[in-house]
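Peer 1: Using the sequences plus the hints, can you model the full thing?
Below, each chain spelled out in residue letters.
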Amino acid sequence: MEMRFEKSSFGKRLSSMLKVDFCRMFTTRFLYIMVGICLVMPILILVMTTMMDGSVTVDPQTGVETVMEGFDNTWQAIGTVSSETNPMAMGLTTMCNINMLYFFIAVLVGVFVADDFRSGYAKNIFTVRAKKTDYVISKTVTCFVGCALMFLGFFVGTVLGGAIAGLPFDTGSAGIAGVVMCMLSKLGMVAVFVGMDFAASAAAKGRTWMSIVISMVAAMLLYMMVPMITPLDSGIVNVIGCFVAGGIVCVGLGAVSNAILKKTSLV
Amino acid sequence: MNAIEIRGLSKSFRGLYAVDNLNMTVPVGAIYGFIGENGSGKSTTEKLICGHLVPDKGSIKLFDRPYTDAGVRVRVGALIENTGCFPNSSVWDNLMMQAINLGLSDRAGEIDRVLNIVRMEDSARIKFKSCSLGMKQRIGIAMALLGDSALLILDEPINGLDAEGMKMMREILVDITQQYGCTVLISSHILGELEKIATHYGIIRQGKMIQELSAKDLEGRAKVFTSVKTQHMQGAFGFLRQKFSDVRAEDGYIRIYDVDDTEGIVGLLMQNGFPVREIKKNKIGLEEYYIELMSKKEA
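One line per chain: the protein sequences are E and Z, in this order.
Here the first sequence is numbered in my numbering, starting from 1 and rising by one per residue.
Here the second sequence is numbered in my numbering, starting from 1001 and rising by one per residue.
Warning: the hint list may mix true and false statements.
As the list claims (entries may be wrong) - Derived EDC-like pairs (lysine to aspartate or glutamate); straight-line CA-CA distance at most 16 angstroms: (1) E/Lys7 to Z/Asp1069; (2) E/Lys262 to Z/Asp1069; (3) E/Lys7 to Z/Asp1093; (4) E/Lys19 to Z/Asp1106; (5) E/Lys263 to Z/Asp1064; (6) E/Lys19 to Z/Asp1093; (7) E/Lys12 to Z/Asp1069; (8) E/Lys7 to Z/Asp1064.
As the list claims (entries may be wrong) - These stretches of chain Z come out as covered by chain E in the derived footprint (C-beta under 8 angstroms, 3 or more residues): (9) 1070-1084; (10) 1101-1113.
Since the hints were made in silico from the structure, they are not lab data.
None of the values given here were measured: they were computed from a predicted structure.
Yeah, the Cβ is synthetic: ideal placement off N, Cα and C, and Gly gets one too.
Peer 2: Okay, here's the thing in structure tokens:
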């Protein structure tokens, strides 16, 4: 019996894989919950810290007074200008800002990828797909888009939170262009973290907890660098640098993820 | 051309060989019954064919091409262990996801076609988690059939099904091979059911293929025998042993092997004062053949 098998081009394979992944990401509640959290979080942070700004708490044992310092400016939730950036600072405004989301990426990527393996859906994918490259590229792109939406959600939440809390929107020396460039740089850094977290998820497969733990540890190592690389007064150099770094990490760790999927059992 | 051709395939887990130098040949268009006890390496072999596991050594060819060929793999469908469906999505949505994954153009039409084959046209909108076991198995087959599958690999698809479900599954599998020219590799412990549809068999033990044979070969090797019950079993047993070469007392019957002339036996027994209470013709089926083969290997 004569059997005919058509050649399956890389473009066709990647396009169908991307469609599946986007379909999955946008038809499950998880992405919307994550984006919702990212939208609400800055509103709560800005409103609550403004309400508590200047309030004094006294330690009953030592008698030491602590004055609560809130945000002076809405854009502090996005970043600080390079001259004021202190990566080692552990204050409320330096910790409770958009950079927290780099830890959230670990959760989004970890859950999204592990779900494929836990549900057994990965078997359906890999039975009809011999090339793991399609999967790696598609998942990286989809997770990047999902995480970018989380960052945009946080940005919108910051603007709303600032308006509700009555905080100034003074961009200072950064200017509007600086804020835009800062956000773009942060999106470039998202690619770095997505590449890293996907490699962890590919190694952990169905073990969501393992993927999240590995990603969180890796994120902690890079976390201190993020405010320095993506200050509020970022320029085009920062944006290009972050996207180039993101591209290198995604390609490099994508190759590692590809090798992991090729050389290890998928079930 | 063979649909599956495996040579010297091995896979070990922590030093223990689950599949050990296995050779296997599945002709195109066959329903290949893959038989073996629990842990004999059936599922591991199927996972290796589907690319879910990485072999230690050996070669796997599908339709004369390496099993990693993207063109051939897109026409392989599998149902191994579970369907891989998302429980909160509907049957339709799950199938749609796989149809997109396969890059099909007329996705809705294709889903209708496979739902029709597995007799589930009316259940497309039901959530997967609300489906019964039989329905889930049929959805798994529908998913495997999407996109003009040339090879179906089914791991225990009839386990846990009731008689009605088994019958329906049997009809579906026969339909698939006859109408769509699809080759089916099916593993099952329910040998009686497998015997009704399989055209070829592969018997695996401890990761090694111990025998491959066609249904015709099995037919040729299968023994016929006549089972008799009389009023004086002991006397009749002694008498028949003098007359025939292979007479055994089994399961409350006297069994005369390689003889199916019931009328002749009844006449002989009646003439010699052994009134017959029950007599029937039997044939050793796949199950008995398998058990006998296994016990020989054990010995």
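Peer 1: All hints, please: hold or fail.
Peer 2: Cross-check of the supplied hints:
no.: 1; hint: E/Lys7 to Z/Asp1069; verdict: 9 angstroms, holds
no.: 2; hint: E/Lys262 to Z/Asp1069; verdict: 14 angstroms, holds
no.: 3; hint: E/Lys7 to Z/Asp1093; verdict: 27 angstroms, violated
no.: 4; hint: E/Lys19 to Z/Asp1106; verdict: 15 angstroms, holds
no.: 5; hint: E/Lys263 to Z/Asp1064; verdict: 23 angstroms, violated
no.: 6; hint: E/Lys19 to Z/Asp1093; verdict: 14 angstroms, holds
no.: 7; hint: E/Lys12 to Z/Asp1069; verdict: 15 angstroms, holds
no.: 8; hint: E/Lys7 to Z/Asp1064; verdict: 15 angstroms, holds
no.: 9; hint: 1070-1084; verdict: holds (count 14)
no.: 10; hint: 1101-1113; verdict: holds (count 3)
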